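Novice: Residues per chain are reported as follows:
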Amino acid sequence: MRKKISLFIKQNPVFGMTLGLCPLLAITTTFENSYLMGISLLFILILSNSIVSLIRKWVPNKIRIPIYITIIGIFVTILEYLLFTYVPQLKSSLGIYIPLIIVNCLVLGRALGYASRHNLKDSIKDALKMGLGYTFSLSLVGIIREVLGSNTLTLMENTTNVTGYLAKYQVFPTNSIIPNQFFASPAGVLLIVGLLFGLLNMIKGVEEK
Amino acid sequence: MKLVYEKGPYLKDSERTNKIMKRVLLALVPIILFSFYKNGILPFYKGYTNIYGLFQPLILILTAGLTSLGTEFLYNKYLLKIKNPLQGKYAFFPGLFFSLLMSINTPLWMIVMGAFFATVVGKLLFGGFGHNIFNPALVGALFITVSYGALIPGGYLNAFELDTITGPTALATNYIDSFPKVIEAFGGIGNYIFGFIPGTLGETPKLLIIMSFIFLAVTKTIKYLIPLTYVGVVFITTFVIGSVNGLDITFPLFQIFTGGLLLGAVFMATDPVTTPTTRLGQVLFGIGLGLLTVIFRFLTPYPEGVLTSILTMNMLVILIDELGDQSQRKIILKTITLIIGLGLIIGTGFLIGNKIKSPVEVDNNYQIIEKANQKYQVSQKGFGGLIKAEIIFEKDLIKEINIMSQNESLWQNIEKEDYLQKLIDQQDNLEALDTVSGTTITSQALKDLIKNTKDDYKE
Amino acid sequence: MKKTITVNKKKSLKLEKFIKPKKVYLPLIGYRTECKPIVKINDQVAIGTLIGKSKEPFEVNIRSTVSGKVIDILENTYLNGSKVKCLVIENDFKETKEIIKVKEPTNQEEFVELLKVYGIQGMGGSGFPTYLKYQNKLKTLIVNAIECEPYLNADNVLGIESASEIIVGLEKMISILKLKRIIICVKEKNKDFIKTFQEILKDKSQIELKVLGDYYPLGYERTLIKEVLNVTYKNLPSEKQIVVNNLATIHMISKALKNEYLTTRIITLSGDLTKTTNYKVKIGTLFSDLYKIEKTCHLIAGGPMMGECLLDDEVMITYNLNGLLLMKEISISEEECLRCGKCVEVCPMKLSPVLIKDNFHNLDKLKALNPEKCIECGLCSFVCPAQIKIRERVKEAKELVKEK
Chain D
-3 MRKKISLFIK QNPVFGMTLG LCPLLAITTT FENSYLMGIS LLFILILSNS
47 IVSLIRKWVP NKIRIPIYIT IIGIFVTILE YLLFTYVPQL KSSLGIYIPL
97 IIVNCLVLGR ALGYASRHNL KDSIKDALKM GLGYTFSLSL VGIIREVLGS
147 NTLTLMENTT NVTGYLAKYQ VFPTNSIIPN QFFASPAGVL LIVGLLFGLL
197 NMIKGVEEK
Chain A
64 MKLVYEKGPY LKDSERTNKI MKRVLLALVP IILFSFYKNG ILPFYKGYTN
114 IYGLFQPLIL ILTAGLTSLG TEFLYNKYLL KIKNPLQGKY AFFPGLFFSL
164 LMSINTPLWM IVMGAFFATV VGKLLFGGFG HNIFNPALVG ALFITVSYGA
214 LIPGGYLNAF ELDTITGPTA LATNYIDSFP KVIEAFGGIG NYIFGFIPGT
264 LGETPKLLII MSFIFLAVTK TIKYLIPLTY VGVVFITTFV IGSVNGLDIT
314 FPLFQIFTGG LLLGAVFMAT DPVTTPTTRL GQVLFGIGLG LLTVIFRFLT
364 PYPEGVLTSI LTMNMLVILI DELGDQSQRK IILKTITLII GLGLIIGTGF
414 LIGNKIKSPV EVDNNYQIIE KANQKYQVSQ KGFGGLIKAE IIFEKDLIKE
464 INIMSQNESL WQNIEKEDYL QKLIDQQDNL EALDTVSGTT ITSQALKDLI
514 KNTKDDYKE
Chain X
54 MKKTITVNKK KSLKLEKFIK PKKVYLPLIG YRTECKPIVK INDQVAIGTL
104 IGKSKEPFEV NIRSTVSGKV IDILENTYLN GSKVKCLVIE NDFKETKEII
154 KVKEPTNQEE FVELLKVYGI QGMGGSGFPT YLKYQNKLKT LIVNAIECEP
204 YLNADNVLGI ESASEIIVGL EKMISILKLK RIIICVKEKN KDFIKTFQEI
254 LKDKSQIELK VLGDYYPLGY ERTLIKEVLN VTYKNLPSEK QIVVNNLATI
304 HMISKALKNE YLTTRIITLS GDLTKTTNYK VKIGTLFSDL YKIEKTCHLI
354 AGGPMMGECL LDDEVMITYN LNGLLLMKEI SISEEECLRC GKCVEVCPMK
404 LSPVLIKDNF HNLDKLKALN PEKCIECGLC SFVCPAQIKI RERVKEAKEL
454 VKEK
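In order, the protein sequence lines correspond to chains D, A and X.
Heads up: the first sequence runs through residues -3 to 205, numbered per the working numbering.
Heads up: the second sequence runs through residues 64 to 522, numbered per the working numbering.
Heads up: the third sequence runs through residues 54 to 457, numbered per the working numbering.
Think of the hints as simulated: they come from the structure by calculation, not from any bench.
Keep in mind it's a predicted model, so treat the numbers as computed, not measured.
Any given hint might turn out to be false.
Straight-line C-alpha distance at most 30 angstroms; calculated DSSO-like pairs for lysine-lysine [claimed, not checked]:
no.: 1; chain 1: A; residue 1: LYS70; chain 2: X; residue 2: LYS426
no.: 2; chain 1: X; residue 1: LYS242; chain 2: X; residue 2: LYS64
no.: 3; chain 1: X; residue 1: LYS335; chain 2: X; residue 2: LYS63
no.: 4; chain 1: A; residue 1: LYS70; chain 2: X; residue 2: LYS55
no.: 5; chain 1: X; residue 1: LYS56; chain 2: X; residue 2: LYS263
no.: 6; chain 1: X; residue 1: LYS451; chain 2: A; residue 2: LYS393
no.: 7; chain 1: X; residue 1: LYS64; chain 2: A; residue 2: LYS65
no.: 8; chain 1: A; residue 1: LYS397; chain 2: X; residue 2: LYS418
no.: 9; chain 1: X; residue 1: LYS293; chain 2: X; residue 2: LYS55
no.: 10; chain 1: A; residue 1: LYS85; chain 2: X; residue 2: LYS56
no.: 11; chain 1: X; residue 1: LYS293; chain 2: X; residue 2: LYS169
no.: 12; chain 1: A; residue 1: LYS152; chain 2: X; residue 2: LYS448
no.: 13; chain 1: X; residue 1: LYS70; chain 2: A; residue 2: LYS65
no.: 14; chain 1: X; residue 1: LYS345; chain 2: A; residue 2: LYS65
On the chain X side, residues computed to face chain A include the following (Cβ under 10 angstroms) [claimed, not checked]:
no.: 15; residue: ILE346
no.: 16; residue: GLU347
no.: 17; residue: HIS351
no.: 18; residue: LEU352
no.: 19; residue: PRO357
no.: 20; residue: MET359
no.: 21; residue: ASP365
Even for Gly, the Cβ is constructed at its ideal location relative to N, Cα and C.
For reference, chain D alone in the conformation it holds in the complex:
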């Protein structure tokens, strides 16, 4: 059991491979933002991994980075237009971090490190693994930060016009300890991420070199 958890942590893109930390520190103010970001990244990952894997044999080695970035850029732009047209409220919450997926080291890293060397099926599996792992990590930090920072849990607020549901709950009865302004601020998220790293490392157990 411990081995399974340890493996899961090791392969997690954020806590095992420290990729894609930028949105982690900026987006995770609410749980909703976190999982939306995660899902967007999953979407982009699947598409980019597939295309990169399909064309891997014909891409010359020296210009593969610009080509992969272009591919990722195409998909991110499509996503950006789709998302912001149908759900304009997201412009204020996710805002600039959707276009920034283009240079997110997770997407580019997997494209260079995995998809360019494996076939289509494996690449898509890897994209799913990474994307879901990323969504999980983001959501974890998002939940902690939102509960501690503003005493709410938002399952669906910005996308209300699409789905029609509004799910924003207050977690604890009103008191003065929580909401804590510190955890809603950037300093707080750095602390939470640091402590999570430490905790997960402890569970994973440090490997002997």
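Put chains A and X on the given structure of chain D with help from the hints.
Specialist: Same frame as chain D, now just chains A and X:
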């Protein structure tokens, strides 16, 4: 006859770590006792608090110390599994210092949380005693101030002072013209130096702090170069600022005795673990602290700069030490650094002096963001930052004031008194309206806001 | 920062003689040099007979200090704790002297030749071949009678006893080497020494007595020259035409200028566990023949700050051993470093031991901290409130930096 082997030297100086710690504790005792007198005994004697209020200062300090002691004990025993968890390293110091930075009105749960945070995040997570980068007490104080700053009822005033002191609080002293008024409001310069003014638990008894400093410096317990340079640089810089603006030597003296500067300089900035070890390093540290404090006090809306400047300089200690070490053997490096330091001090003084000199007209603090028909969006400089409000006119009178954002520390007092409604009711006769106690600057800012908007509307 | 080390021990000027040992053990080594014996077992020798020599890397001549028969060549304890080969001579108590054939010096070259032939080495502890210091043009000679290590008193007693002999020798050196100035340095605590020398030096113009404060390590060459003449040099004092010699070495040179080979020296026996006594001993005596240790203690050759702890009391008293101490057992438990900066304040070479201790993982930073300049005086370990053995860490850092 038996000969035993041991590496030398075979003589030892008499100084020990626990002796140093004991002396620091001894130096703190008069300050704690004074705090007990001013915040506990005096209000109780005058009948403002009950028996809990009598012992409140000691309870706060004790809780903080015990929390930090307990946290370290549990952490060492169960997480790190060390044989003797406390090892006589004076584990309660972070909590003790932290409580001296908090006001008397801090709720007990906040003290516990702050001391816990200070010990764990400020000290234990970095590796325990001797390995931390930041001063743990300041880490805890910063955490509490950022998280719950607005929640402390009554600010820094204890029950007795809340009733008797009606001027602006000492922390609003960056406005150059207002400082004589502040001194008057507290009953003269004597009260100021002896410490009978509002403030946190530890920062008020300036004279006692100076005496403790002399004791600690003579016995070579602390790095005395740091407080000397720190206070000296603040003095010189504010002297230059004052002289550029035509004020005499009382201005820099006043700046030194205001706020937590002396307490921070003598007890927080001389924490041996988080400060430079080389002599030049300590001087540079003091210069950096002084400059940062003056910049934070005069150029930013936050009233107190000591806490953040010490934490900032704590980050730079490794670099400062490298420089200090190299300059010990290369004298030319030392002279160049000191000349640059002196230049920075004088330069900052002149720059800030000239910046503040530009007339502090009412218009500069007041700004109209948007103006449309009967609606105004305006901003006015308050106590903790800008107050942004939406003012709606009907016919020629203000009908509604909606506050969009404010950063005032005692806004709850404004709300308690329903001051906004009072402003609307008396909008043509604002001079006669009293300010809300404890929020002089905020109330005055709101009054100015109304007046300026009305003046603009009439045009 | 100038540091004074105070020790509550009365310094006695009592001098006891122990100059008739049954056997004498003479080590066959010089300064970083191994010497070959040139006599065999059962050979007869007299005082001054050459018994060992070496040419590389330094010229070393070892002469016998007693007359008698060579009975053995074996290994015995040297003052740094290691075992070295030595010649054992049985004393016949006749004190027959052999005349050492060397020209009486009238200029610097002949002086250097005299030093080489007599095999004079630094008697303040280093054992450095003295002739090397006199090979360049010199203007100033500083006679180091500071003896900054606590408990030691040998040079003080020597000065009081042989003041006139030393002054005669110094005057000869002025005319031979064309020196401009001689400065005899002593610390202000040694009042009798100061009185004796002030009397003798009343009418001497080129020799002066300088009284300095009781700071450690003032006896170190570099700090002494800086303190007395305010001069700094890069590698050797001869760059600035200065030479520093210990008082006992000067005494031996004075005797050599009279064509006498000095065979005894004064050492101090002191420490927590015994009264301070000064002994005049024959070079080559074993300490165990001189004194019987009864308690469990540390036996230290030299001073308490830089001395070496020995594991057996059969240590040979050689020219460069100036004191032996019996100290109470110490047991030190190290605590966490407080980063108080006291070690940085006291270091005479302006190093930062606390930073050296923390930078073992980063070799570049370690090199920039210059641990190779450490003179191992021990002040950093002395002042540390957390009782960390910081001098040993700096010594380790020295090794690390040397390898690369």
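Novice: For a C-alpha distance cap of 30 angstroms, please report whether X:LYS451 and A:LYS393 respect it.
Specialist: Answer holds: X:LYS451 to A:LYS393 is near 20 angstroms, not above 30 angstroms.
Novice: Take a quick look at whether X:LYS64 and A:LYS65 sit within 30 angstroms of each other, Cα to Cα.
Specialist: Roughly 26 angstroms between the alpha carbons, so the hint for X:LYS64 and A:LYS65 holds.
Novice: The hint names X:ASP365 as touching chain A; please verify it with the least Cβ-Cβ distance against 10 angstroms.
Specialist: Holds, because the Cβ-Cβ distance from X:ASP365 to chain A comes to roughly 7 angstroms (cut-off 10 angstroms).
Novice: When you check the alpha-carbon spacing of X:LYS70 and A:LYS65, does it fall within 30 angstroms?
Specialist: Roughly 27 angstroms between the alpha carbons, so the hint for X:LYS70 and A:LYS65 holds.
Novice: Hint X:PRO357 vs chain A: min CB-CB distance below 10 angstroms?
Specialist: 4 angstroms, holds
Novice: Please verify whether A:LYS70 and X:LYS55 have alpha carbons no more than 30 angstroms apart.
Specialist: 24 angstroms, holds
Novice: X:GLU347 was flagged as interface toward chain A. Is the shortest Cβ-Cβ separation under 10 angstroms?
Specialist: With a minimum Cβ separation of about 6 angstroms from chain A (threshold 10 angstroms), the hint on X:GLU347 holds.
Novice: Taking 30 angstroms as the top limit, are the C-alpha atoms of X:LYS56 and X:LYS263 close enough?
Specialist: 19 angstroms, holds
Novice: Hint validation: X:MET359 versus chain A, beta carbon distance must be below 10 angstroms. Holds or violated?
Specialist: Because about 7 angstroms separates X:MET359 from the closest Cβ in chain A, which is inside the 10 angstroms limit, the hint holds.
Novice: Under the criterion of a CB-CB separation shorter than 10 angstroms, is X:ILE346 in contact with chain A as hinted?
Specialist: With a closest approach of 4 angstroms, the X:ILE346 hint holds.
Novice: Does X:LYS169 sit within 30 angstroms of X:LYS293, going by the straight-line distance between their CA atoms?
Specialist: Roughly 23 angstroms between the alpha carbons, so the hint for X:LYS293 and X:LYS169 holds.
Novice: Below or equal to 30 angstroms on CA atoms is what counts here, so check X:LYS242 against X:LYS64.
Specialist: Given that 30 angstroms is the threshold and the Cα spacing comes to 10 angstroms, the pair holds.
Every hint from the earlier list agrees with this structure, and none is contradicted.
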